[in-house]
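Engineer: Keeping the supplied structure of chain A fixed, place chain B upon it in accordance with the hints.
The lines below spell out each chain.
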Amino acid sequence: MTVLFYVLVSLCLVIIKTTLIPGLPLFEKFYDLLIPIVIYLSLFRPLREGIPLVLFFGLMMDSLCGGPVGLYLATYIWIFAGMRWASQFLRTGNMVLLTLAVAIGVSFECLVLLIYMLLLAPSAIPPEDTARTVVLQIVWALLTGPVILIIISGSQKQLDVWKERIFPDWLDMNRQ
Amino acid sequence: MFSKKMAMVIGLIILITISILSLSLSSRQPYPAYGPGRVAIALVAPFQKAIVGTTRFFRGIWEHYFFLVAVREDNDRLAAENRQLRAMQQEYREASLMNDRMRELLGLVQKIKRPAVAAQVVGKDPSPWFQTVMADKGIDDGVAKGDPVINAQGIVGIVVDVTAHYAKVMLITDPNSAVDAVVQHSRARGIVKGGAAGYCVLDFVLRKHHVAVGDVVVSSGMDQVFPKGIPIGRVATIVRQEAGIFQDVTMTPSVDFERLEEVLIIPLQRKAEMP
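Protein sequences, first through last, are from chains A and B. All residue numbers for the first sequence refer to numbering that gives the first Met the number 0, where the first residue is 0 and numbers rise by one. All residue numbers for the second sequence refer to numbering that gives the first Met the number 0, where the first residue is 0 and numbers rise by one.
Pulled out of the complex, with its shape left as it was, chain A reads as follows (with noise of 0.2 Å):
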């Protein structure tokens, strides 16, 4: 059920990031809203349920995108990967941190995708705006994602307490 949500609401995300925010003058150098989504599964979810989301988000993004195949993949798996290694340290709690953590993930992505057309393209020269786009998304990281994480574990609570309602005897079975 909880993966089934998480699916749902990547593909509304992607659905709206696709057709709706290009035609708003403000969002065009949107980030990656998936990444929010990442971070909160790789700090507060099991790996059973985090691990083939990280995979199906990946890969629908490789699929969607203009870039070569796996390029999302490998950037969510990193993402994912580097937040559980650094929620050992960190008090994952912290809203600031959180909205660090978003912001890091957001320059991370760039970063990948700079080194694929730096070094790995072909033929492909990074946007002269690059600059731009860079801090752009991290501003909009930095406002927005706080309260992504704040929408995303209130629906995650929601969830829970709906799956104790349907399913009650599955989870004292699956405690157990």
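These aren't lab readings, by the way, just hints derived from the structure by calculation.
Okay, the calculated beta carbon distance ranges per label pair:
1. A/E27 / B/H208: 30 to 36 Å
2. A/V134 / B/M87: 41 to 47 Å
3. A/M94 / B/M221: 54 to 60 Å
4. A/S152 / B/V70: 48 to 54 Å
5. A/L54 / B/L205: 47 to 53 Å
6. A/K156 / B/E261: 41 to 47 Å
7. B/A211 / A/A130: 26 to 32 Å
8. A/L110 / B/H164: 31 to 37 Å
Partner residues are not named here, just some residues of chain B that face chain A (Cβ under 8 Å, in silico):
9. G122
10. D124
11. P127
12. P174
This structure is a prediction, so every number in the text was calculated from the model and none was measured. Ideal placement from N, C-alpha and C gives every residue a C-beta, glycine not left out.
Structural biologist: Just chain B, lined up with the frame of chain A:
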């Protein structure tokens, strides 16, 4: 002296005469300004007035308040009708604009003399780093990977991925894109590559070739993908370095990618299909 019968006849004659005379006299002055009529009027009229006034008052209430319910219903119905008509008008306007664009595409198909598939753009790239769009035609419509995509304004891009019903089109503004091109005026050759958002660069233009700002850049046809002579854009800036054999040329694409709605995919004639 007179018999009873005779007296009745005389009485009848007198009554008839009086009637005729009185009617004749009253017809000369039909509305007497005095007499019992005025009293009757004075007595009846106030009641008439009161009754009529009350009736009118209640009729007024009915017509202005209770009857307004019906008016309100009428108003709601008319407002709904108005909304419907406005929506229809908007649809017709949209259809008319689409018709114009389709006419332009049709003209282009006749110009390039090759079979083409008209498609609508249904989505954009989720990443700001890559410039692709999703078109609503795929393998079932004869579209294949590598097919060129154009519209009435010029070259749009190339199909990089295709499913049964959809095709992913890499725009010429994508960093991975490359189109063999010539400057229309001077025939200087170069490769058009994606640059910043809204701009392209024309690489490998030799310094010895004259290129001016505003020159039109068209496809050369040498890449065996795009038909020859399709507009790509106009030269925006030129920088000639002191050293080096090439000049740095940036150009504005002919196609307005922000408002890209319909495109024309030109299926390439593959070897297996050739006679």
